[in-house]
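Full structure from sequences and hints, please.
Take 1 as the starting number for the sequence shown in the UniProt record's numbering and just add one per residue.
Hints in this document: simulated from the structure, not taken from any laboratory.
Distance condition first, Cα-Cα at most 30 Å in a straight line; then the derived DSSO-like pairs of lysine-lysine:
id, residue 1, residue 2
1, K74, K213
2, K74, K110
3, K213, K243
4, K213, K25
5, K110, K213
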Amino acid sequence: MLPARLNRLTVEEAVDRYVELVRAKTLTGALSPATAEVYARDVATFARLAGPDRVLDDLTGEDVDAVLLAFARKPDERRRGAAETSGEGAGTQSASSQGRFRRSVSALFKHAALSGWVQLNPMPAATVTARERGGLRAERRALTREQAEGLIGAARSPMEEPARRRDQRTEARDALIVLLLTTVGPRVSELVRANVEDFYTNDGVRYWRIFGKGGRTRDVPLPADVAETFDAYIEGRAASEEKALLLSWRGRRLARGDVQAVIDRVQQRVEPGRRRGVTPHGLRHTTATHLLADGTDMDAVRRVLGHSDLSTLGRYRDELPGELEVAMRAHPLLRGRRGGGNGQNPAEGGVDGSPG
1 MLPARLNRLT
11 VEEAVDRYVE
21 LVRAKTLTGA
31 LSPATAEVYA
41 RDVATFARLA
51 GPDRVLDDLT
61 GEDVDAVLLA
71 FARKPDERRR
81 GAAETSGEGA
91 GTQSASSQGR
101 FRRSVSALFK
111 HAALSGWVQL
121 NPMPAATVTA
131 RERGGLRAER
141 RALTREQAEG
151 LIGAARSPME
161 EPARRRDQRT
171 EARDALIVLL
181 LTTVGPRVSE
191 LVRANVEDFY
201 TNDGVRYWRI
211 FGKGGRTRDV
221 PLPADVAETF
231 DAYIEGRAAS
241 EEKALLLSWR
251 GRRLARGDVQ
261 AVIDRVQQRV
271 EPGRRRGVTP
281 HGLRHTTATH
291 LLADGTDMDA
301 VRRVLGHSDL
311 STLGRYRDEL
321 PGELEVAMRA
331 HPLLRGRRGG
341 GNGQNPAEGG
351 VDGSPG
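This is the structure we're talking about:
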């Protein structure tokens, strides 16, 4: 059903109104502030690429395709700093960034159609899609068991040259950051947003009430070792009126970039053979991968990570070296059998003991 009256807004006007709506949703908890800012950034980029003074309703599927292609060719600003250091180009947008951008634009046009800003949504006529991922970047892949244990061990080990001033020592905080990311797998935004009061004890078990995307919360029990690390950090934490869990030595809440710096600093203490660069999101992959590989119930893993749909876990389950060999050696249908390579005793008959 078409709207009774079409409001021929320019692209810039439509985007401004849409961004106001998106940011308002953070007040009701429908969207997290971080997600709202991603939408706002994407549609602002769309306005620049499409032409801010054009009428939104005049854009066709071909126009949207041109914008999607222009975005795909844009240098990835997040990688520019590293690229300048190495002397390489910043590179074009990754397939995941292209897919996210397309979803943001699609959400804009869906709202525009409902609000009477366009007669028809041009997205169904747009044909440009991001290429399939050719595998995750190394820093986004799960760490192997050996690499993860090396990182955890380094986080727990004392620094060779601790800060001279006691109020500048951050070993306990850094250990807690690494253990929470590696064993619980929160989003980095959830970690830096955490407050001391979000952790509580029930029946002898320490829980973390995580405030996730879309205003959803989940209560995740901490492994005993992680709970001990938490208690040690809280006991030695400098007195502060700041309610944030993770503080800089200056007493301020840590930012997302600070978390990556902590991981990189701890990685320097990992022995070279077990060291591999990883991002906070890569540690989220690590949590999911090793819980699933160990046979943990998929729905339990979904709840730990804070996903509403089991299908999303497929993005976080990475392949581990040798896992197929281990799985086939411990095949559930052949456990306890003796004899030849097929797991069956030659003296025995069929599975039920009858002649084969």
